[in-house]
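2 protein chains.
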Amino acid sequence: MEKYLLTGVTPFDSQVPVDLLLEDGIIAAKGLSLPESHNAITIDCQGLQLFPGFVDAHAHLDKTLLGREWYINDVPRTLAAMIENERHYRAQQQPDAQCQSERIARRGIAAGTSFIRTHVDIDNEIGLANLEGVLETRRKLARYVDIEIVAFPQSGILQNPGTEALLDQALAMGAELIGGLDPCSFDRDPRKHLDIIFELACRHNKKIDIHLHERGELGAFSLELILEYTRRYQKEHCVTLSHGFCLGMVEPSQQQYFAAQMAELGVSVATTAPSDIAVPPWECLDNAGVAICAGNDGVRDTWSPYGNGDMLQRAVTMGLRYRWRKDSEILRAAKTITEGGARVMGLENYGLDVGCRADLVLVPGRSMVESLVEMPKARKVFKHGVLIAENGECLF
Amino acid sequence: MEKYLLTGVTPFDSQVPVDLLLEDGIIAAKGLSLPESHNAITIDCQGLQLFPGFVDAHAHLDKTLLGREWYINDVPRTLAAMIENERHYRAQQQPDAQCQSERIARRGIAAGTSFIRTHVDIDNEIGLANLEGVLETRRKLARYVDIEIVAFPQSGILQNPGTEALLDQALAMGAELIGGLDPCSFDRDPRKHLDIIFELACRHNKKIDIHLHERGELGAFSLELILEYTRRYQKEHCVTLSHGFCLGMVEPSQQQYFAAQMAELGVSVATTAPSDIAVPPWECLDNAGVAICAGNDGVRDTWSPYGNGDMLQRAVTMGLRYRWRKDSEILRAAKTITEGGARVMGLENYGLDVGCRADLVLVPGRSMVESLVEMPKARKVFKHGVLIAENGECLF
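In order, the protein sequence lines correspond to chains A and B. In terms of the numbering used here, the first sequence opens at residue 1 and continues consecutively. In terms of the numbering used here, the second sequence opens at residue 1001 and continues consecutively.
Any given hint could be a false lead.
[As the list claims (entries may be wrong)] Within a straight-line C-alpha distance of at most 20 Å, the following computed EDC-like cross-link-like pairs (lysine to aspartate or glutamate) qualify:
#1 B:K1326 x B:E1374
#2 A:K3 x A:D44
#3 A:K206 x A:D146
#4 B:K1377 x A:E393
#5 A:K326 x B:E1084
#6 A:K377 x B:E1236
#7 B:K1335 x B:E1283
#8 A:K3 x A:D19
#9 B:K1377 x A:E390
#10 B:K1206 x B:E1164
#11 A:K326 x B:D1276
#12 A:K377 x B:E1370
#13 A:K335 x B:D1074
#14 A:K3 x A:E23
#15 B:K1030 x B:E1002
#16 A:K377 x A:E393
#17 B:K1140 x B:E1176
#18 A:K335 x A:D353
#19 A:K377 x B:E1390
#20 B:K1003 x B:E1390
#21 B:K1326 x A:E69
#22 A:K326 x B:E1086
#23 A:K377 x B:E1374
#24 A:K3 x A:D24
#25 A:K30 x A:E348
#26 B:K1377 x A:E370
#27 B:K1335 x B:E1374
#28 A:K326 x B:E1069
#29 B:K1377 x A:E374
#30 B:K1326 x A:E84
#31 B:K1206 x B:E1348
#32 B:K1206 x B:E1236
#33 B:K1140 x B:E1393
#34 A:K30 x A:E2
#35 B:K1335 x A:D74
#36 B:K1326 x B:E1390
#37 B:K1326 x A:D276
#38 A:K140 x A:E125
#39 A:K326 x B:D1074
#40 B:K1326 x A:D74
For the record, the hints were derived by calculation from the structure and aren't laboratory data. Predicted model, so just to flag it, every value in this text is computed and none were measured.
Let the hints inform the model, and build the full structure from the sequences given.
Encoded structure:
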């Protein structure tokens, strides 16, 4: 196995360059001036910022149309119409979920993404085909990226007869989480929706990640129910709330209340830092101890043409959205796409300490903030201590 | 002078590829299959989207710290503190406004910017030094970019004794516009502030561009005054409102009222499409006939580390902010950074028709939307019919 000595690299949360020795897939040594090591490939890393591998904690790998014929988006704005439109496109064009998920995963890997939590559509039309495709991509790319899968009822559970049984199968096939979608506004019966999700999660001993787009007081009501179910089913530290716009819409006192409850129950939050709607209050949640991660969501799909799979760009989007301008504030964005994601995904041995897995990204920049705002393509990506991508291209 | 035949290029607002002949600085011919031309350099433009040169209609070229030592931002959030901080940095570090404005202008040019309206700080400390620097950059880069200058009282007029006389001089020295800044919240006397601006504009026969950050009803009050002054001083089609967050905060009926008034008086709007505050209602203003342009604002300065001078990125920011997802909606963003800016700056012979100035950008992409969201560095930039930048680098 290859061995690397990285010299003069600056950890993203520090100003002091260090040397790192990567051996047997981990950070084997770290110090101010490590000796040249037998058989190690030495890389001069002066002027490079060092991050642990990025965590894209909210993705939809199966949906992207990257690499296919250009899709002219003409979809109305309502959620139901967008879901219906996607089902129609899928039926007509039959994109291959394995091929598509591999395309976007490779783009992410080249940009430094080392861990992905992806939601995979499951409904009574597509069945388990998308799941099979993403499972195959996961096998194929296992040396380069860790993928966690959410069995996601994009068309609802109660609205889409047969989905419950499919979700059951999906969890048996290897999905690590069960998803959910707007218990009130989409599935129209919040208790039945949550009954199914939490029962399945308990039966299979799986985690839960619920898409909650519901706004204001409606979203707050659903969130209250989710917290109630988390407690009742003893799913502490197993539930993630995705999007959670409502958290940014309710009164500050209610935000504080939710933050405290979520911290107590270990309910985490995933955001894409959208610029067109309210976002969960980062500082309030963080102060309470709630884990916050970020994700690229859909990239070039029937929902939206935006995005490129780059978590550094997502960090910049976060910084702008939360009006973080100080270097010390922008560090929060860098931590959200790294440590925050690792906390939400429950990753062990994650970070830049000796003994941590050598899943690393090196980005040019005189400071962490410059490496974010400049967003250079020229990066070096290590996985399991092996150099796997350089200058925006995968080496495999 | 060089002559170019561009074959098979797709105009950004069309789907049909055409050939263009560039000669004597203009688009000399346009057709489905132009004959090879004597002495013309033929460029195969298949797979390239054609835009007229981008218009960065709200810039602060004199402020950027690009290329200097990394600036660690630790500035509080209030406007007054940010202005004070910048003055302090300037006094201590004495950045050279000519050098700095050239650096950021070159980055913009390489990315396809052909026209810039820049605000230049004028106050009783910096005096006219920044203006002199930017005037020198304008002379130096005259073949590559058209720069319009706003004499901008960043520290206020009434708050900063001596600024009025300096603004007077600045207009005499060649600034095309006089700027303004939050007549109520910053200068504390809206009528006196506007008296000075409109008197100076009339005396020098110049245009006006006012920074209005004031929110909600306060901003709406200042805007009412600006409209009143525009009418009284007969400055129709000469006034731009920069930022204008308040337009996105007032009731829809008030938005309609302002849009109608602004259209009648030819008052235009410049936005940066910020994600952390309300934005002017694009559709409402456009429907009424108000010209809307976009700008990159400050890039890597003491205010904020974000940005890179790329107007395509600004278009994507707009698209996300306004939740434009359909190809037909995203066309609005492309038009804002081209035709909208041209309208606001009063550019003649701007566009892609025969006879228009050959100030052009060619961007890889199978469609206009792909060329935006992919944001490729590989572009070809023409100014006055000459190829001046390629692959993200200036050729001069």
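* Asked: Under the criterion that the straight-line Cα-Cα distance not exceed 20 Å, is the pair A:K30, A:E2 satisfied?
  -> holds, 17 Å
* Pairwise hint evaluation, A:E390 against B:K1377, where the allowed Cα distance is 20 Å at most -> Between B:K1377 and A:E390 the Cα gap is close to 17 Å, so the pair holds against 20 Å.
* Does B:K1206 pair with B:E1164 here, judged by a C-alpha cut-off of 20 Å? -> Roughly 15 Å separates the two Cα atoms, so the pair holds.
* To do: Compare the distance between the alpha carbons of A:K377 and B:E1374 with 20 Å, and conclude whether the hinted pair is satisfied.
  => holds, 13 Å
* Asked: Is B:K1206 within 20 Å of B:E1348, Cα to Cα?
  -> holds, 18 Å
* **20 Å limit on alpha-carbon distance, applied to hinted pair A:K30 and A:E348** => holds, 19 Å
* If you draw a straight line from the CA of A:K377 to the CA of B:E1390, is it 20 Å or shorter? -> holds, 17 Å
* Asked: Are A:K377 and A:E393 close enough, with their CA atoms no more than 20 Å apart?
  -> holds, 9 Å
* **Given pair status - B:D1074, A:K326, alpha carbons within 20 Å** => The hint holds at about 5 Å.
* **Straight-line alpha-carbon gap A:K326 to B:D1276, limit 20 Å** => holds, 15 Å
* Is the hinted pair A:K326 and B:E1084 satisfied, with a Cα-Cα distance of at most 20 Å? -> Given pair A:K326, B:E1084 holds - Cα atoms ~16 Å apart, limit 20 Å.
* **20 Å Cα cutoff - pair B:K1030, B:E1002** => holds, 17 Å
Hint compliance for this structure: hints 6, 36 and 38 are broken, all remaining hints hold.
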